[in-house]
Amino acid sequence: MTDDRLPQPYSGVRILDLTGELGGYCGRLFADLGAEVIRIEPPGGAEDRRSEPVGPDGRSIPFRFLNVNKKSVTLDLASPDGRAVLRDLVAASQVVLYEAGPDRDSMLADIASVPGGRVTTVFSYFGVTGPYADFAGSDLVAQALGGIAWLSGEPGKPPLQLAGRQSVFVTSLYAAAATAVSLWDTERTGASHVLDVSAQECIAHSLQNAVQVYDLESKISRRGGEGTRDATESAFVCADGYVFLAAPLALVASWGGVLAWMKEEGFAGAARLSEPDWQNRGLRATEPMKVEFRKIFEDFVRTKTKAELRDVALARKICMAPVSRVADLEADPQLAFRRYFGRLADGTAFPGAPYRLSEPVWSVGRDAPASGQDDEAVLGPLRAASRH
Amino acid sequence: MIPRFLEGIRFADLTWAGAGPFSTKLFSDFGAEVIKVESLSRPDPVRVGGPFKDGKPGIDRSGYFASRNTRKKSLCMNMKHDESREILFDLIRRSDVVSNNFGPGAMDRLGLGYEDVKAIKPDIIYLSMPMYGEDGPFANLVGVGMTISAVTGLMWQTGYENEAPLGPGTHFPDHAANPYHAAFAVMAALRHRRATGRGMKIDLAQVESTINCMGLSFLEYAVTGEERPRLGNRSAHHAPHGIFRCAGEDEWCAVAVTSDAQWRSFCEILGAKSLADDRSLDSAAGRLAAADRIEADLSRWTAVRTAEEVMHAMQARGVPAGVVAHSKYLIERDAQLAARGYWQTLDHPEIGPSRFTSPPYRLDGERVELARPPLIGEHTEAVLGGILGYGPERIAELRAKGALE
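Heads up: the sequence lines are chains A and B, in that order. Residue numbering for the first sequence follows the numbering used here, beginning at 1 and increasing consecutively. Residue numbering for the second sequence follows the numbering used here, beginning at 1 and increasing consecutively.
Worth flagging that the hints you see were computed from the coordinates, not collected in a lab. Hints may be right or wrong, so weigh each one.
Below, in silico cross-link-like pairs of lysine-lysine (DSS-like), each with a Cα-Cα straight-line distance of 25 Å or less [what the hints assert, rightly or not]:
(1) A:Lys219 / B:Lys56
(2) A:Lys157 / A:Lys290
(3) B:Lys80 / A:Lys317
(4) A:Lys317 / A:Lys263
(5) A:Lys219 / B:Lys328
(6) B:Lys328 / A:Lys157
(7) A:Lys157 / A:Lys295
(8) B:Lys401 / B:Lys80
Chain A extracted, bound-state conformation:
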């Protein structure tokens, strides 16, 4: 909850949100810190109100997550009157977030025609310039052309998408940080800025060191980390699910901790893992050693639960943790201790702040808006002003 006496960091900043799903989380970040973020929707509601999955109440779940704390105004941008109102709203805003659609060129021209300093952030899968500017995008396609799908999955099987529509989050996060920095400059100098954010570039910017590995060592990083990822770095079957372990030689305490633990329990596999070939980093990243380690370690943890293994990890400083289901998260004792999850007004559990701030300036209060619910409150004053 916010303290009424303390302004939030983005109090007084108005943001027009003409995004859909790709840019949805960007506006959320500003709204949670006090900005007035207004979704502009066509009559009948924005397309992403129908984005699946849909809850039993008929509401889109992605729409709800990405639009908490925002307002909604209906505007027919296909009509000249609607465009005129848009220009008035732009004039009264410090930031415009726009997700490129078929009306891209005329929308950008309209937004740019409005005098005054502001930041315009344009979201698209490939950017608004270049030969792919008009390509059709999707989360899967962005993950493919951005390079993250190639790096995931197993050798001999197809490259693999990451779950949870990660391109939405990666793109919105880069965009939000750059928008915040640009707004800082606009407020200092009055200069306007336009950011042309590409989801493909955002993904390609987040490939760990794959770009440098190719550039400096002429090696193509591959899925499964063949030749690079240690035999221990994987999810292993345990008594009640899976446990993730990382105990490469570079993590001295973790590898040493695993060996000591096995020896103390009198586990026979410890002798094999103490042989000299397990001191060879290169060998440990090969398929045969991966297969062998999996067999030994899964034998060892077969009867141990995720919670027991986490306690061992804490006691022995081993880099090991449960592979949690999404369904497990609310009961995670650490997250419960930190009272991480919040609730929306109807009692629905909701992720808490991505950052805990010592000043009480973050809040998730209002559920996602109904289409056009703020028409009168937002457009009324504009109409009154134009009558005078």
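Add chain B to chain A, keeping to what the hints say.
Quick look at chain B alone, frame taken from chain A:
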């Protein structure tokens, strides 16, 4: 362009490894003075982790380090030395932000906890990025980026259908979710200080930050009470939706049909009359039920075409499709990244000319121009002399005592 948007803002930056420095890089790229406080006796792990120019190790030869530390300055000191704390305090008094991504308690042990720092600089912005938070029963759990994937559901949900969880092939949360949530929080804190005069502490628990990026999955579970099984490359709502083998060695193309209009185009591209004429496939639900059959037809079609041919044939008719790009493809073949000037080449005294990814947007029609990362200790004298006002004798004395490295 070199955007000096953040000129006048100074960081005493103690972050290291992946997520922390990637966060503070945003600030140096936009003109803030980011002073990387590092140590030779305990160097940044990515400085010694590689990849290295020509595969030859060296403290100033790591491309991974280079990519996370553009336009920063390096102050090299022995953090455990008695006099290092005083130097750091002097730096912090002249800084706006102190940033670290050590485990819980490490900064306190260095005498640099939030309360210590606040005592000498009351309006400081203090960024911490521990994995699981600063307090609580698992605060001391040791972790890497993949650990964060494991405990947030991202690993559980990422994997092939009816097989074990795999998770992302990288330490994915280190490379976007956590650094950019952190950067956004620091910008908010700078605004808050500008408006109120008050600093703040940012406790960014990387697990908590990443769960927001699993927000769609979490809310689906919270609303429906059910968690979806792993889907591989499929979608729960659309078909075809997957990654298909193409002609050539390990070549693949992603194809996602997400609307009825795209479906009609898709059938025409394949020349698949049996699909086009099947009325049961007119709806997304019908296509989903027939996903195996549709994907088998599509696989036969892609198998005799290159990934680029598949992508261009689909995209010419508005069907989302894209080559599954690897690093070499991105750098040498991707026409879009090349046309947008995504790759920058920077010279470096040890590495020579090498490639960098631009910040992933064009700003006012231009690229944000990067500057090379610092050599270790490259700016020690400049920081001590120029910013802290130490004379040459004092600096020599600190060096003789081993406080500087």
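*Measure nothing beyond the straight line between the CA atoms of B:Lys328 and A:Lys157; if it is 25 Å or shorter, mark the hint as holding.*
holds, 20 Å
*Under the criterion that the straight-line Cα-Cα distance not exceed 25 Å, is the pair A:Lys157, A:Lys295 satisfied?*
holds, 21 Å
*Quick one, are A:Lys219 and B:Lys328 close enough, alpha carbons at most 25 Å?*
Distance ~8 Å between A:Lys219 and B:Lys328 Cα, so the pair holds.
_Agreement of A:Lys157 and A:Lys290 with the hint, judged by alpha carbon distance not exceeding 25 Å_ = holds, 17 Å
*Is it true that the CA of A:Lys317 sits at most 25 Å from the CA of A:Lys263?*
OK: A:Lys317 and A:Lys263 at ~16 Å, within 25 Å.
*Sort out whether B:Lys80 lies within 25 Å of B:Lys401, counting only the CA atoms.*
This hinted pair holds, its Cα atoms lying about 12 Å apart.
*For the pair we were handed, A:Lys219 and B:Lys56, check the Cα-Cα distance against 25 Å.*
Holds, because 14 Å separates the two Cα atoms, which is no more than 25 Å.
*Under the criterion that the straight-line Cα-Cα distance not exceed 25 Å, is the pair B:Lys80, A:Lys317 satisfied?*
holds, 23 Å
Violated hints are absent here; each numbered hint is respected by the structure.
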